[in-house]
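Participant: Below are the chains, spelled out letter by letter.
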Amino acid sequence: MAHFVDRRLNPKDKSLSNRRRFLKRVRVQVKRAVDEAVRKRGIADVDRGESVSVPSDGVTEPSFQPAREGGRREQIFTGNKTFRAGDKIDKPPSGGVGGAGRQGSPDGEGEDEFLFALSREEFLDFFFEDLELPDLVKQSLKEITRTHPHRAGYSITGSPANINVARTMRNAFGRRIGLRRPKDKEARELLNRIFLLELVSSPTKEQREELIALRAERDEMMRRRRVIAYIDPLDVRYSYFEQQPEPNANAVMFCLMDVSASMGEREKDLAKRFFVLLHLFLNRRYEKTDIVFVRHTHDASEVDEETFFYSRQTGGTVVSTALVKMKQIIDERYPPSEWNIYAAQASDGENFGGDSAKCATILSQELMRICQYFAYIEIVEEEEARLINSEASGMELWEAYRQVADIWPNFARKRVSKASDIYPVFRELFARSHAGEKNG
Amino acid sequence: MAEHSRRSRSALLFDEADWNFDTLRRTYDAIEEVARKDLGLDVYPNQIEIISSEQMLDAYSSIGMPLMYHHWSFGKHFLTHERLYRKGARGLAYEIVINSDPCISYCLEENTMPLQALVMAHAAFGHNHFFKSNHLFKQWTDAEGILDYLDYARRYIARCEEQHGVDEVETVLDAAHALMPSGVFRHRRPRQPSLREAEEQRQRRRAAAEQNIYYLWNTIPNRPGDERERDAALLERKREMRLPEENLLYFLEHYSPVLESWQREILRIVRNVGQYFYPQKQTKVMNEGCACFVHYHILNTLHAEGRLTDGAMLEILHSHTNVLTQPDFDDPRFQGINPYALGFAMMQDIRRICDEPTDEDREWFPDIAGKGDWRDVLKHAWANYRDESFIQQFLSPAVMRRFRMFALSDVANETQYTVTGIHDARGYRHLRDILARNHDVATLEPDIQVVDADLLGDRCLHMRAMRRDGVPLDATSREATLKHVERLWGYKVELEETDPA
Numbered sequence: 000m001a002h003f004v005d006r007r008l009n010p011k012d013k014s015l016s017n018r019r020r021f022l023k024r025v026r027v028q029v030k031r032a033v034d035e036a037v038r039k040r041g042i043a044d045v046d047r048g049e050s051v052s053v054p055s056d057g058v059t060e061p062s063f064q065p066a067r068e069g070g071r072r073e074q075i076f077t078g079n080k081t082f083r084a085g086d087k088i089d090k091p092p093s094g095g096v097g098g099a100g101r102q103g104s105p106d107g108e109g110e111d112e113f114l115f116a117l118s119r120e121e122f123l124d125f126f127f128e129d130l131e132l133p134d135l136v137k138q139s140l141k142e143i144t145r146t147h148p149h150r151a152g153y154s155i156t157g158s159p160a161n162i163n164v165a166r167t168m169r170n171a172f173g174r175r176i177g178l179r180r181p182k183d184k185e186a187r188e189l190l191n192r193i194f195l196l197e198l199v200s201s202p203t204k205e206q207r208e209e210l211i212a213l214r215a216e217r218d219e220m221m222r223r224r225r226v227i228a229y230i231d232p233l234d235v236r237y238s239y240f241e242q243q244p245e246p247n248a249n250a251v252m253f254c255l256m257d258v259s260a261s262m263g264e265r266e267k268d269l270a271k272r273f274f275v276l277l278h279l280f281l282n283r284r285y286e287k288t289d290i291v292f293v294r295h296t297h298d299a300s301e302v303d304e305e306t307f308f309y310s311r312q313t314g315g316t317v318v319s320t321a322l323v324k325m326k327q328i329i330d331e332r333y334p335p336s337e338w339n340i341y342a343a344q345a346s347d348g349e350n351f352g353g354d355s356a357k358c359a360t361i362l363s364q365e366l367m368r369i370c371q372y373f374a375y376i377e378i379v380e381e382e383e384a385r386l387i388n389s390e391a392s393g394m395e396l397w398e399a400y401r402q403v404a405d406i407w408p409n410f411a412r413k414r415v416s417k418a419s420d421i422y423p424v425f426r427e428l429f430a431r432s433h434a435g436e437k438n439g
Numbered sequence: 000m001a002e003h004s005r006r007s008r009s010a011l012l013f014d015e016a017d018w019n020f021d022t023l024r025r026t027y028d029a030i031e032e033v034a035r036k037d038l039g040l041d042v043y044p045n046q047i048e049i050i051s052s053e054q055m056l057d058a059y060s061s062i063g064m065p066l067m068y069h070h071w072s073f074g075k076h077f078l079t080h081e082r083l084y085r086k087g088a089r090g091l092a093y094e095i096v097i098n099s100d101p102c103i104s105y106c107l108e109e110n111t112m113p114l115q116a117l118v119m120a121h122a123a124f125g126h127n128h129f130f131k132s133n134h135l136f137k138q139w140t141d142a143e144g145i146l147d148y149l150d151y152a153r154r155y156i157a158r159c160e161e162q163h164g165v166d167e168v169e170t171v172l173d174a175a176h177a178l179m180p181s182g183v184f185r186h187r188r189p190r191q192p193s194l195r196e197a198e199e200q201r202q203r204r205r206a207a208a209e210q211n212i213y214y215l216w217n218t219i220p221n222r223p224g225d226e227r228e229r230d231a232a233l234l235e236r237k238r239e240m241r242l243p244e245e246n247l248l249y250f251l252e253h254y255s256p257v258l259e260s261w262q263r264e265i266l267r268i269v270r271n272v273g274q275y276f277y278p279q280k281q282t283k284v285m286n287e288g289c290a291c292f293v294h295y296h297i298l299n300t301l302h303a304e305g306r307l308t309d310g311a312m313l314e315i316l317h318s319h320t321n322v323l324t325q326p327d328f329d330d331p332r333f334q335g336i337n338p339y340a341l342g343f344a345m346m347q348d349i350r351r352i353c354d355e356p357t358d359e360d361r362e363w364f365p366d367i368a369g370k371g372d373w374r375d376v377l378k379h380a381w382a383n384y385r386d387e388s389f390i391q392q393f394l395s396p397a398v399m400r401r402f403r404m405f406a407l408s409d410v411a412n413e414t415q416y417t418v419t420g421i422h423d424a425r426g427y428r429h430l431r432d433i434l435a436r437n438h439d440v441a442t443l444e445p446d447i448q449v450v451d452a453d454l455l456g457d458r459c460l461h462m463r464a465m466r467r468d469g470v471p472l473d474a475t476s477r478e479a480t481l482k483h484v485e486r487l488w489g490y491k492v493e494l495e496e497t498d499p500a
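For the record, the sequence lines run as chains C and B.
Residue numbering for the first sequence follows numbering that gives the first Met the number 0, beginning at 0 and increasing consecutively.
Residue numbering for the second sequence follows numbering that gives the first Met the number 0, beginning at 0 and increasing consecutively.
Bound-form chain B, shown alone (with noise of 0.2 angstroms):
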């Protein structure tokens, strides 16, 4: 029994370019062997799907999700997708995982069985994990209500299109998806009720604006009362609305003057999607890189072990490779770095440290260099850091010398660029810095807040813009939102945009 055992561990997974149920299955029990015994990675329970190439195209354009309202915005994805796929430019994803429980990995059907095994190493344990253990998920996402929420958005917005028309909705998507990435929390988040609470609260929300409209038409200037009255109602009544609010979307669901409930829960159910996909934002560094470690990992495990072949491991790492290639800034495929590149480069360099540390790693990282216990060290990182703090406590002089990196300074009225720091001792520091902020999504995104909304004169809605070192908004785009924002608002919208004092 025992020698029968150790036989069926050791013999080949599969040995055919092709795969079928069964292969997926042997594959998937002995992937998931190790990355619970050998990597004890806490994943939720996974649901693997197996779809064609045209369903992959669907699920591109609805921003990855099984379920999603309608909207032409996604058709218009689904055909640019659609067209530079056809022409051969791009190929398809060999993935796409959802932050659920379960947690849903789509596999594309022609895939080929040693892709399909790294697929499933790389989404179905890498993602999964980082997805139930990142502090930032865990915080401000539910893995196991989002399905049931976006099946419930999806009805919602179909009956408003019923209710109100298809074109009275899609104005109020537009309006809404123009502010969707400045329709999020940044810092707080309320507590998420479940989802029958969230039915109740919607009731008593409806009544409420209600009663907020009527109280906006009681104060309507002209009416008698003394002038420090009314300064002191606005005082309050700014205090009520809690200014300034960065959550433009959060804003207008409960102040805007116009809005009918129907329009107040579209915003809502808008600002919840962008609210969810927030966390992915600020971890794709980190996100790809621990996938790509788990699935270099596990599978190069499985070979040693015997239960690959040589010709799918070469292909396996030919995948690898593809994915992760960086290339030089004067390379014409130079795209910015390569989040998937980073991230397994430095988590590669996290273990190489602990087992190996030279002189350099125990001066910058004392508490790490010369740990041994890589499996500790990683899984502490991948749940307790975001992009912008991982490569600020993690990046190492190592890794910035192998990318050979350089910062270079670009500032508006001088003709030349400066090169501030390259990867030399005077300078590891500075390029972590400037690395970590630009991963930053709080410095990437503009910061606007709504400042004042004078409800006792013209309400007209006051906005500021906080210029960061002296970056003014995109004047094109700033108009057309800015219409949109009118749009929700119902009156005359201002957005000044200043320099820090």
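One chain only, chain C, in its complex shape (with noise of 0.2 angstroms):
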């Protein structure tokens, strides 16, 4: 006699333990190979799984194996076909006969690198390593956004109370139609007339026979109506409903950044991670998120992800010209009413002498009533940041946005000089955004 046992429901991921320690493991290659994907990718698509592959030597399991060559070995092959005892083959310069003689490695594997694929979760880990988030932050950025259940059509599979009465009533009358089942009306009327006739005391022959004919008519009719159900199972329908993502506004963000020379390869780096860390941040908040670059040297333009990080550009510094610009295409592009607008602004401190005070001024009188934040942040040189440690002194557009600052509390700024000085400058953010999920 067989036990059965349905397994399926049970907890999956019993071996997650084990690939944790694995990938604990390999920290270090897999790291290696996250931040070449961060550098590789699109912002928008940086949460995403990703093919890992690192040197097989960190994580073989030896043992005790005799060598694939040497000595005297023989072994049984099939499927001869000209071969006779005493035949000699000239061995192949690899060894083995037609690569067939090769057996795989013990453990069935490729011999010098281990290819594996990363969950999202664990990109995201690595991802967030050195940015060194709070655990409650990094938890609220991995969370998909939350569904709600949407009308999606009918079903014949469903639960008692997702029973959708007008659509099953439908398919019932359509079916009692088709199959011609006497209705309820026709067969009152027949019933009155045999008992209109059975009334009659001295009936004639035609009303005999009309009683008879009419009693037959009845019990056909009966049948029909027992053989065919009112309603059938199959006529049911249930309501069906699909998760869908909860509607949320859209968003737009800016993305503005200084591209002069003196902006290099380090400097860009730590900006995609800044705007990377906002752009997730907003993903996770809205269904919607745009992003709009916008480069600037001494004047700004808008381009695609490709040109904002990788081209080059020669010429001054003026940073109001990226406000500007942004200001210009809110108004072209996104009026406030129907986008939250967020804005990421990565420099290296530098501006044309006077431009700073302007900049201030656009922002605080034009740009910060309509933002929902504003980050800034300064890129220096780790030496720099050593001097430099007070937040008061500083060069011209620090000391500008100081006032900002001052006056709008969604106004964030922030020198960075690593990757875990980033995270600071959301703290805001992100404190907000809990204090809303608690009164929501």
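Keep in mind the hints are simulated off the structure, nothing from the lab.
Mixed in with the good hints there might be a few duds.
Calculated lysine-lysine pairs in the DSS-like style (CA-CA distance at most 30 angstroms, straight line) [stated by the list, open to error]:
no.	chain 1	residue 1	chain 2	residue 2
1	C	K324	C	K287
2	C	K417	C	K39
3	B	K137	B	K280
4	C	K287	C	K267
5	C	K80	B	K283
6	B	K482	C	K23
7	C	K357	C	K324
8	C	K417	C	K267
9	C	K30	B	K482
Mind assembling these two chains? They're in different frames, but the hints should get you there.
Facilitator: Next up, the structure:
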């Protein structure tokens, strides 16, 4: 007698902890692969899984094995066609008969690289690693948007609570017509006529015959009514719901960056992480997130992501042009009534003399009123960061932005010299969102 | 009543591709009837578990066992299988079966009903019968205790991780896994204690181990006493350690001067798991052959009785032939002899020899040719042989001809291979000898023994690898594995490779 057990609903991921242990062991290599991926990918698709390959020497499981070459060995093969005992066959240079005699490595994997796929969660974990995010924030960034059931037609299975009465009755009605189930009214009329005929005390021959015919008709009608159900299980329809993401308002994110020659690879890499983090945050809160890239030297222009990060331009540095451009784009395409506007600006802090005051004015008087949040990072050298340790002192732009920050609580600025400095810029943003969740 | 039962006996078991628990149960009962009444199989009670593909991947990665301690290498295997599976490069096994009492078979939920029938006949009866009756499994494994033991192992290792840290435990497990293939007893097996006895024994061992170390420190040199006394002590010590010892894990567990008792227990756990799988390594051909023979016979019987549709039978045969393909040596798919194909062909051939022997069979197999009772012959073979002896005893010229086998010898310093024999009258015995030897685990795995542990001097551990036919050890893995041995022994380890005199 067999015992059947349905295990399909048991928790999966039984080997999750083994998987974690493995990732821990190859941490360094995986981290390198993830960093590489972040550099290569567009901002909007950072949060995907990634295939990672690590050199297998860190993860081999050695055991004593006989060597593949040397000594004398004899093996049986199948499918002999022309060989006879005593035949000699030339050895191929690599050894093995047409590749046949070679055996795979003991655990059946390739010899120099071990390739596997990271899930989205694991990928983000590695990405977050040197941003030093608080755990709560990590958790909320990884979270997928909330969903809401939406009607999506009808189905023939479902729970009784979801029966769609109108649709069910309509099907039943159509089937009753199609199969010509006698109607209640017809039945009543027939019975009535029989009743009347039966009342006649001395029926004529025609009446007697009519009565017999009517009775036969009644029996047939009753039979049909019994066989063809009023509501058949076939008719039943259930409302079908699909889980759809909660429709949220739209957000647009402006990435502003100084691309003059003073911004090197390191600066751009830090800036990219900064933009990615903001984008992850927006992606979680808003259903649709647009990204606008505005780069500037002494003149600002809207470009695509590729150009934004990789092409170089020479010229002076006039920051206010970027802000003017942003304002212009908002006016053209993103009415603040329909869009949540976020902006992230990265620069090395240099600006054309006298322009910084203008920036502060544009921000205070126009942009900050319509922006949800404006984050500014000034990317500095690490030695520089040690020298300028006070928030108060700094270059002209930094000084000018200080006034803006004093007035507007949704303005954040930070000096950044390494990846772990980035998160504090957003601290307030994330803190606010949690407060909002609690209240909402 | 009689007519009713006859009718239900010949009714179709199922006529759809989808399965449900009713059809599963009905089909299982029909299979069981054939297995017990026709074939007379003796099986452990069956527990059939339906699992999803992800759970199948989980099961893969923990070497097929339902519970296992945690280790990164299982995660690595999981990732490999997962990647291959997602890429579509490899399908999943239809089933995994565990040598336990009750015998657990995992069936994949994606299997169609004909496949489920195939899987149940194959695993729940074929493998199950083999596990229960083969002498190696009887002698070396405890079907009723294995799940309890793994549960104990997992909890023990989890507790060690809490007490000593995950990294510490991982180091020991890494080293133990490296020595797992060299951690089995090949010739003797101690009596297996019950769980409670094992626990008591563990306590005693711990006490004894502490004494051992004390004894070690007492034997450091410079102690007063003359040479001869020391030599005698050394000899005595070696005798006590039962050197030479081929079970490296056993030796290290008992005599390593540096391990703590929890580390010794971990070695013991790994050693026991390795030992549990040792019979499976020795009976691949027979085990799979037995399962394939059984499912083939049972399902054909059911089909002949009209209880399976032709469509279902075609699907079953399709999977059956897929598994049983033996590509030729010049085919890119060739990966050596397919144990399923060889085992199944040999067992079908035994049946043929019993029923319709030729003159050649009468000459080669005088005691079974024409005997007629193939069921008994096969059951006797399943019970009393392992791959090597089974091939040596039963591989017939007919099978060798069918596979068109030939033997090739490869000598290191020659530029050409030599065909040493083909499927003709002069070659049969040679082919059979070679094939049998290639299925002998003892010749496939390196022969490594502890020969001396110089406990009175520098405590160097001396090991000797006996080269077979001059085949050396693989240099890279040899060095890596030796590092693990050193970690467990705590002092210098030397491995010398010698050719037999």
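Participant: Does each hint fit the structure? Answer for all of them.
Facilitator: These are the hints, each one checked on the structure:
1. C:K324 to C:K287: holds (22 angstroms)
2. C:K417 to C:K39: Within the cut-off at roughly 19 angstroms; holds.
3. B:K137 to B:K280: OK: B:K137 and B:K280 at ~15 angstroms, within 30 angstroms.
4. C:K287 to C:K267: Roughly 26 angstroms separates the two Cα atoms, so the pair holds.
5. C:K80 to B:K283: holds (28 angstroms)
6. B:K482 to C:K23: holds (22 angstroms)
7. C:K357 to C:K324: Satisfied, since the Cα-Cα distance of roughly 14 angstroms is no more than 30 angstroms.
8. C:K417 to C:K267: Roughly 12 angstroms between the alpha carbons, so the hint for C:K417 and C:K267 holds.
9. C:K30 to B:K482: Satisfied, since the Cα-Cα distance of roughly 28 angstroms is no more than 30 angstroms.
Hint compliance for this structure: no hint is broken.
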